[in-house]
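Number of protein chains: 2
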Amino acid sequence: MGNIFKLEKEAEDCKARAGILYINGTEIPTPIFMPVGTYGTVKAMLHSSLIEIGYKLILGNTYHLYLRPGLEIIEHFQGLHNFMNWKYSILTDSGGFQVFSLQSFRKLTEEGVEFVSHLDGSKHFFTPESVVQYQRVLGSDIMMVLDDCVEYPAEYGRVLEALERTLIWAKRSIQKFKETEPLWGREQYIFGIIQGGTYPELRLKAVEEMLKFDFDGYAIGGLSVGEPEETMYEMTNICTERLPADKPRYLMGVGTPQNLLECIERGVDMFDCVLPTRNGRNGQIFTTRGKINIRNAKYKFSKEPIDPGLDNEISKNFTLGYLRHLFNTDEILGLTLATYQNLAFYKWLVSTAREKILSGLFRYWKNNLILNFVDE
Amino acid sequence: MGNIFKLEKEAEDCKARAGILYINGTEIPTPIFMPVGTYGTVKAMLHSSLIEIGYKLILGNTYHLYLRPGLEIIEHFQGLHNFMNWKYSILTDSGGFQVFSLQSFRKLTEEGVEFVSHLDGSKHFFTPESVVQYQRVLGSDIMMVLDDCVEYPAEYGRVLEALERTLIWAKRSIQKFKETEPLWGREQYIFGIIQGGTYPELRLKAVEEMLKFDFDGYAIGGLSVGEPEETMYEMTNICTERLPADKPRYLMGVGTPQNLLECIERGVDMFDCVLPTRNGRNGQIFTTRGKINIRNAKYKFSKEPIDPGLDNEISKNFTLGYLRHLFNTDEILGLTLATYQNLAFYKWLVSTAREKILSGLFRYWKNNLILNFVDE
Chain X
5 MGNIFKLEKE
15 AEDCKARAGI
25 LYINGTEIPT
35 PIFMPVGTYG
45 TVKAMLHSSL
55 IEIGYKLILG
65 NTYHLYLRPG
75 LEIIEHFQGL
85 HNFMNWKYSI
95 LTDSGGFQVF
105 SLQSFRKLTE
115 EGVEFVSHLD
125 GSKHFFTPES
135 VVQYQRVLGS
145 DIMMVLDDCV
155 EYPAEYGRVL
165 EALERTLIWA
175 KRSIQKFKET
185 EPLWGREQYI
195 FGIIQGGTYP
205 ELRLKAVEEM
215 LKFDFDGYAI
225 GGLSVGEPEE
235 TMYEMTNICT
245 ERLPADKPRY
255 LMGVGTPQNL
265 LECIERGVDM
275 FDCVLPTRNG
285 RNGQIFTTRG
295 KINIRNAKYK
305 FSKEPIDPGL
315 DNEISKNFTL
325 GYLRHLFNTD
335 EILGLTLATY
345 QNLAFYKWLV
355 STAREKILSG
365 LFRYWKNNLI
375 LNFVDE
Chain A
5 MGNIFKLEKE
15 AEDCKARAGI
25 LYINGTEIPT
35 PIFMPVGTYG
45 TVKAMLHSSL
55 IEIGYKLILG
65 NTYHLYLRPG
75 LEIIEHFQGL
85 HNFMNWKYSI
95 LTDSGGFQVF
105 SLQSFRKLTE
115 EGVEFVSHLD
125 GSKHFFTPES
135 VVQYQRVLGS
145 DIMMVLDDCV
155 EYPAEYGRVL
165 EALERTLIWA
175 KRSIQKFKET
185 EPLWGREQYI
195 FGIIQGGTYP
205 ELRLKAVEEM
215 LKFDFDGYAI
225 GGLSVGEPEE
235 TMYEMTNICT
245 ERLPADKPRY
255 LMGVGTPQNL
265 LECIERGVDM
275 FDCVLPTRNG
285 RNGQIFTTRG
295 KINIRNAKYK
305 FSKEPIDPGL
315 DNEISKNFTL
325 GYLRHLFNTD
335 EILGLTLATY
345 QNLAFYKWLV
355 STAREKILSG
365 LFRYWKNNLI
375 LNFVDE
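Chains X and A are the protein sequences, given in the same order.
Residue 106 in the numbering used here sits at position 102 of the first sequence, with consecutive numbering throughout.
Residue 222 in the numbering used here sits at position 218 of the second sequence, with consecutive numbering throughout.
Among the clues, some could well be false.
Pairs count within a copy or across copies, as identical chains cannot be separated in the list.
[To be verified] Cut-off 25 angstroms, straight-line C-alpha distance, at most; resulting in silico cross-link-like pairs (SDA-like, lysine to any residue):
1. K111 to V229
2. K216 to V120
3. K10 to E205
4. K47 to N332
5. K91 to K304
Quick caveat, the hints were computed from the structure, so don't treat them as lab data.
The whole structure should be built from the sequences, with the hints applied where relevant.
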C-alpha cells in the first residue's frame with residue numbers, strides 16, 4: 005500500500021486540514037465531498053455535469069451493484085469504471101451499512117452476514133473476504149472493509165460485540181486484500197472503518213486496534229444513524245484526535261452543510277451523503293444564501309438566479325421561478341437542475357473550506373456561513 | 005412580415021429541398037426537426053445538451069404553458085425565452101391540436117373554442133385573436149394560428165366545416181397579428197395551417213385559400229392522427245405541390261424516421277414530434293443502424309456503443325449494456341441518455357438529408373437508410 009495522502013496544512017485554531025489525495029493519477033484536494041452514485045450513476049446527473057462541477061471522486065454501493073446489474077456483468081465490462089464510462093476515481097462502500105439498514109432479515113455470524121435482497125427476497129451471504137473480492141471485480145480506486153453497523157441507540161454489550169466483529173473482519177479483509185491483486189490495471193486502496201457507537205471508550209479502542217493494520221485511510225462509521233448531532237461531533241473528535249496525520253479520514257454518510265463544516269473543523273477530510281442529491285430531488289435546494297424549499301409559492305414570480313454565489317451556468321442563469329415551475333410540472337429537468345445546484349454548492353462548500361484553511365481563516369468563515377443554515 | 009426562408013437547392017429527382025431559415029439572428033439549415041418542449045423544457049434534457057447536439061429551434065405548447073405556469077408568470081418574466089433561459093429560437097403551436105386531442109369537453113363556435121383544462125376541469129375559451137395575443141406574451145419566434153383539428157376518420161361535411169372555420173380563423177389571426185407588436189424586442193413570425201383532412205379537394209382548397217394571406221410559412225396540419233401512412237404522404241404531396249417555393253413548409257406532429265424521409269422527399273422543410281423524446285423515455289432507441297428496444301435482455305452484456313455512427317460523447321462512449329442497466333434500475337440518467345441519443349439521431353437524420361440534397365444523392369441515400377427502419 006502506498007501513501008495516497010499528503011497533508012498540506014492544519015489550521016492553527018482547530019483541527020481542520022487541507023491535503024491532497026493522489027489516486028491513480030488523479031489529484032483530489034481535500035476536504036472533499038463524494039456524490040453518491042449507487043447504481044453506477046449519480047441520480048439525475050450527466051457524468052459531464054459532475055466533471056464540470058469538479059467532482060473527480062464519486063461513490064458506488066457494492067451491495068446495490070452486486071444485486072443490479074450483478075457482478076457477472078461488471079466483470080464482463082472489466083470493472084465499474086468501464087461499465088459506467090467514468091474516467092476518474094470511485095470509492096465503493098462494503099455493503100455493511102446497506103445490509104444493516106435495508107434488510108428485514110439478516111443473520112450475523114463470525115463468518116459473515118446472511119441477508120435477503122430488498123428487491124426480490126433472495127438470500128445472500130457476504131463475508132469480509134467476499135466483499136474484498138467483489139470490490140476487486142468492481143475495480144474501485146478505494147474499497148471499504150465489511151463492518152458490523154449498529155443501530156442507535158444500542159446497548160454497550162451489542163456495540164462491543166459489533167466492534168469486536170468489525171475488528172476481526174478488518175484483519176481478514178486486509179489479509180484478503182494482500183493476497184489478491186487488482187484485476188483491471190488500476191491500483192486499488194483499502195480503508196478501515198472505526199466503529200464503537202456512541203461510547204467514547206469503544207471508539208478509542210476501535211481506533212487503537214484499527215491502527216495496528218496499515219490501512220490506506222480510515223473511515224469513521226456508524227454515525228449519522230439517529231444520534232444527536234453533538235454526539236456525532238464528539239465521536240468524530242475522539243477518532244480524529246488519535247488518527248494519524250498522514251492518512252485520510254473519511255466520515256461516512258455525513259451530512260448537512262453544518263455537519264460538514266463542524267467535522268472539517270474536527271479534522272475530517274472526506275465525506276459522502278445522499279442528502280444533496282436526494283433532497284434536491286425533493287425540492288430542497290442548498291445555496292450559498294441558505295436552504296430553499298423550491299415548491300414554496302413565494303418563488304412563483306422569482307427572477308432571482310438559483311444561486312448567484314456560484315460560478316456555473318446553471319446556478320447563475322436559471323431562476324428560482326423557472327425551477328419552481330419545473331417541480332410543479334414534474335419535469336425531469338427540475339430534478340437535474342436541483343441536483344446540479346446542490347452538488348455545485350457542496351463542491352463550493354468543501355473547496356472554500358480548503359481555501360480558508362490554507363489562508364488561515366477557516367473558523368471565522370465557517371462561523372459566519374453556518375448562520376445561513378440554522379434551521380428556522 | 006419578412007422573408008425568413010432562403011431556398012438553396014431542390015433535388016432534381018424529387019421535391020426534397022435544402023434551405024435556410026433566418027430567425028432573429030439565428031440561421032437554421034433545413035430540413036430541420038424541432039424537439040418538443042411542452043412546458044418550457046425538452047423532457048429529460050439540459051438546454052446545453054440540446055445546443056451541443058445542434059438544436060437551435062425548439063417547440064413550446066401554448067395550451068400547456070397557458071395552463072402552467074400561466075401567462076401571467078411568463079409575462080412577468082418577459083417571455084418564454086427569458087423564463088426558460090433559452091437563447092435560440094422557439095416555435096409555439098396554437099393549442100388547436102391540444103384542445104382537439106386532450107379535452108373530454110370542447111364546444112366550437114364561430115367565435116372560438118371553449119374547453120375544460122385536462123388538469124383541473126376549469127373552463128377556458130380560446131379565440132384566434134386571444135391565441136395570437138398569448139403568443140405575443142410568450143414571445144415565440146414563430147407563432148401558429150388557431151385551427152380546427154378534425155379526428156380521423158371524419159365525414160366530408162365535418163372536415164369541410166372545420167376547414168372553413170380554420171380559414172376564417174386564419175384571416176382573423178393575421179389581422180390580429182398585424183394590429184399587434186412583439187412585446188419583448190424579438191421579431192415574431194406567423195405560420196398558417198393547411199387543414200382538409202384526407203380529402204384531396206379540401207386540401208387543395210385549403211392551400212389555395214391560405215395562400216391569399218401572406219403568411220411567413222405554411223404548416224400542414226391534421227395529419228398523423230391515425231390515417232394510413234400512404235394517405236399522410238399523399239396529402240403532404242398535394243400541399244407541397246402548390247405551396248410557394250420561397251416559404252418554409254412545416255408538417256406538424258410528424259413523425260418516425262421513415263415519415264421524415266418520405267416527407268422531406270415530398271418537399272417538407274420542418275418537422276416536430278414527441279416520438280424521439282417520448283419513445284426514448286420508454287426505452288425505444290433510434291440509431292443509425294435501426295431501432296433498439298433497450299429493455300431487451302440481449303443487451304445485458306453488450307459493450308456496443310449506443311450509436312457508433314454518431315459523433316457525440318454520449319452516443320459513442322456509453323454502451324447498450326449500461327443503458328439497459330439504467331432502464332432496469334429506473335435511473336433518470338437512462339431517460340436522459342436515451343433522449344439525447346434519439347434527438348442526436350433525429351438531428352443527424354435531417355442534417356444528413358440536407359447534405360445529400362445538396363450533393364444530389366438524397367434519394368439514393370434515403371432508399372438505403374430506410375431499410376434499417378422497416379418494422380419487423
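Discussion item. When the structure is checked against the list of hints, which entries are broken? Sort them ascending.
Written reply: Failing hints, ascending: 2 and 3.
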